[in-house]
Amino acid sequence: MSGLLEIKHLTKRFGDTVILNDINITVNKGEVVVILGPSGCGKSTLLRCINALEDIQGGEILIDGGMIGKGADMSKVGMVFQSYDLFPHLNVLDNITLAPRKVHKRTRADAEEEARELLKRVGLSGKEKSFPRELSGGQKQRAAIVRALIMHPELLLFDEVTAALDPEMVREVLEVILDLARQERTMMIVTHEMQFAKAIADRVIMIDGGSIVEENPPERFFTEPDTQRARQFLETFTYESVRK
Amino acid sequence: MDIQILQEYLPLFGEAALLTIVLGTAGIAISVVIGLICSLVQYYRIPVARQIVRIYIEISRNTPLLIQLFFIYYGLPKVGIKTDPAICGIAGLAFLGGSYMAEAFRSGLDAVDKIHAESAKSLGLTGTQTFFYVILPQAVATSIPPFTANVIFLMKETSVFSAVSLMDLMFTAKDLIGLYYNTTESLFLLVVLYLIILLPISLFGTFLEHKLGNNSVRQSRKTTVKRQVSENARKEVVPDVGN
Amino acid sequence: MWGIEVIFKGKNFLRLLGGLGTALQISLAAVLISIPLGILLGVLMAGKNPVIKAILRVYLDFIRIMPQLVLLFLVFFGTTKVWGWDLSGEVSSVIVFSMWGSAEMSDLVRGSLAAIPKHQYESAQSLGFTPWQTKIYIIIPQTIRRLIPLSINLITRMIKTTSLVLMIGVVEVLKVAQQIIEANRMTAPDAAFGVYLFVFVLYFAACFIPSLLARHLERKWS
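Residue numbers (numbering that gives the first Met the number 0), protein chains in the order written: chain A, 0 to 243; chain B, 0 to 242; chain C, 0 to 221.
Please keep in mind that the hints were generated in silico from the structure rather than gathered at the bench.
Hints may be right or wrong, so weigh each one.
[Unchecked claim] Straight-line alpha carbon distances no greater than 20 Å define the calculated PhoX-like cross-link-like pairs of lysine-lysine that follow:
#1 A/LYS104 to B/LYS173
#2 B/LYS120 to A/LYS101
#3 B/LYS173 to C/LYS174
#4 B/LYS173 to C/LYS47
[As the list claims (entries may be wrong)] Reference listing, derived: stretches of chain B covered by chain A, where coverage requires no fewer than 3 residues with Cβ under 8 Å from a Cβ of chain A:
#5 57–70
#6 111–123
Computed from a predicted structure; not experimentally measured.
We treat Cβ as the ideally placed atom computed from N, Cα and C, and that holds for glycine.
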């Protein structure tokens with residue numbers, strides 16, 4: 000059985016610098032894959048490659064059997080970015096309905112109806128007419144998730160969606176993503192929220208220096224990882240007590 | 000100051016002011032078109048055209064309008080390109096203004112965060128759709144202050160049109176001073192009429208800036224700062240930051 | 000051909016350069032006055048005294064909204080009429096361009112001061128700096144970095160503006176060009192093309208070099 004997403008021997012370079020080196024990943028329908036790794040390891044670039052925002056220097060990426068750049072249906076992939084990427088000149092409802100109206104040629108009424116439903120699901124009812132500047136960071140990211148959802152993607156990419164948020168807002172966004180996992184959505188998530196990763200992942204992939212160093216179910220990855228590198232990485236999240 | 004002389008001169012200055020406005024508006028309108036084309040060429044990095052635009056902008060911005068007009072009006076006819084004064088004035092103003100408008104629009108386009116183009120792309124919008132629905136509306140808001148500054152600047156620049164024998168406000172003032180020595184009245188009317196032309200543009204510009212400034216522009220500035228701050232903060236405490 | 004040869008006839012080349020020299024001298028004098036005066040005005044504008052600010056505001060806005068040529072006319076013709084002064088074109092130009100330059104400069108200074116984030120003042124205060132120490136060690140060094148490229152740009156604009164002095168009878172490069180074209184009317188009837196093209200190039204060189212420098216510094220210090 001072939002996966003919804005298949006990455007084969009992916010190589011990405013910026014000039015002479017190798018960002019991703021021979022990456023092979025398969026993601027099946029309904030699976031949640033969490034990508035971990037230290038700063039600059041290439042994980043965000045990986046998501047950007049899957050969303051065709053970066054050109055690749057080697058290998059191939061297949062979305063539901065279609066190769067990116069050669070006939071893959073990119074509408075099957077949706078992405079939510081790290082920074083608040085809502086269009087600042089449009090209110091929440093227009094932000095969400097712009098793409099369905101212009102790309103899918105849906106009527107405004109139809110798109111708005113679905114948008115309102117989705118907004119309700121993520122707890123943003125009543126914010127339809129608000130502009131991004133009037134929302135908190137957490138609200139913005141929830142609206143950005145709705146904006147991606149309304150295009151009915153089969154694969155959702157989350158690129159450190161809580162990284163720019165104040166700590167108290169992280170949870171409200173992660174709850175929305177957990178809810179999506181309960182609906183058996185296929186997702187690839189780059190995050191540095193370890194507890195969240197543990198809770199949501201079907202599989203954890205750790206990338207370091209542009210290569211996959213470990214791939215394991217979360218139970219195993221977080222308790223007894225196979226590699227020394229993964230152990231070191233996990234240790235950076237714990238602190239030794241200084242009390243005597 | 001002699002009220003009677005003022006009354007006598009007013010129609011002359013009125014007519015001259017009208018000429019200033021008409022030529023200025025025409026020149027500015029063409030500047031906007033040139034500026035738009037140049038800024039798009041630069042924004043989308045169109046090869047060859049981009050280099051030509053850069054050279055044009057350097058030449059246009061680094062020479063005074065008066066020198067440009069002398070060359071167009073007195074120099075070019077010697078190689079067979081004759082223009083009448085009005086066309087020459089408009090052409091000169093457009094040549095000068097095009098580069099200023101290009102810079103204004105380009106700064107607006109550049110100020111639109113790259114992430115917006117990317118998220119539009121990942122939502123499936125085409126390049127044209129992205130430009131018209133996502134990039135342009137944001138760019139317009141940021142371009143307003145430099146745009147109005149340019150309109151005022153170009154209107155002011157029309158004051159050298161008298162050098163190519165256009166009977167504008169300066170020409171009329173100089174003429175009347177030379178003929179009748181009614182310096183005070185002439186200078187008074189000169190200043191008043193320029194104020195009548197320029198002040199409303201300036202006030203309207205300030206108004207627009209405030210109106211739009213409350214919207215996206217200020218917002219995007221704020222988020223940029225916040226993002227930088229939070230990025231710095233993260234770099235210090237959390238080892239795992241985005242790449 | 001097209002009067003290019005006229006430029007190199009006799010002392011014409013040197014005369015044209017001399018004309019440019021006159022324009023540059025006027026610019027330089029005006030810039031040397033504008034920069035300190037503009038800094039003073041800018042600091043006053045950033046200050047707290049509402050009366051001074053209101054008066055300055057009206058003055059500066061008037062100077063900045065009027066075409067420089069109108070200001071030249073006001074000073075050149077107006078002072079003769081009102082006070083009976085007989086200012087030369089050169090002196091009038093330096094006065095006007097200094098007024099204009101200092102108005103522009105004050106705006107740049109005000110803007111640079113406003114661009115310093117408030118937390119810089121606050122952290123300086125919390126480190127125990129006095130307000131004067133804060134200005135000298137923290138605020139001024141940052142403003143200067145911002146201001147130097149902007150000031151060089153102002154010089155470029157000043158040089159461009161100086162072309163206007165032709166209109167009040169100062170013999171600068173355009174006037175010399177006119178004289179040369181006139182003198183060679185019989186032998187080189189097409190000289191206007193070459194000579195004005197040359198003037199164009201001269202002005203371009205005079206403005207382009209400082210603007211390159213400004214851009215370099217801006218990039219280096221931003």
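Cross-check of the supplied hints:
1. Taken as a hint, the A/LYS104 and B/LYS173 pair is broken in the structure, with Cα atoms around 63 Å apart against an allowance of 20 Å.
2. This hinted pair checks out: B/LYS120 and A/LYS101 have alpha carbons roughly 12 Å apart, not beyond 20 Å.
3. For the hint linking B/LYS173 to C/LYS174, the alpha-carbon distance of about 18 Å falls within 20 Å, and the restraint holds.
4. About 42 Å separates the Cα atoms of B/LYS173 and C/LYS47, which puts this hinted pair outside 20 Å; it is violated.
5. With a threshold of 8 Å between beta carbons, the proposed coverage of the stretch 57–70 of chain B by chain A is violated, since 0 of its residues qualify and at least three are required.
6. With 10 residues carrying a beta carbon less than 8 Å from a beta carbon of chain A, the stretch 111–123 of chain B meets the three-residue requirement, and the given coverage holds.
Comparing the model with each numbered hint stated earlier shows that hints 1, 4 and 5 do not hold.
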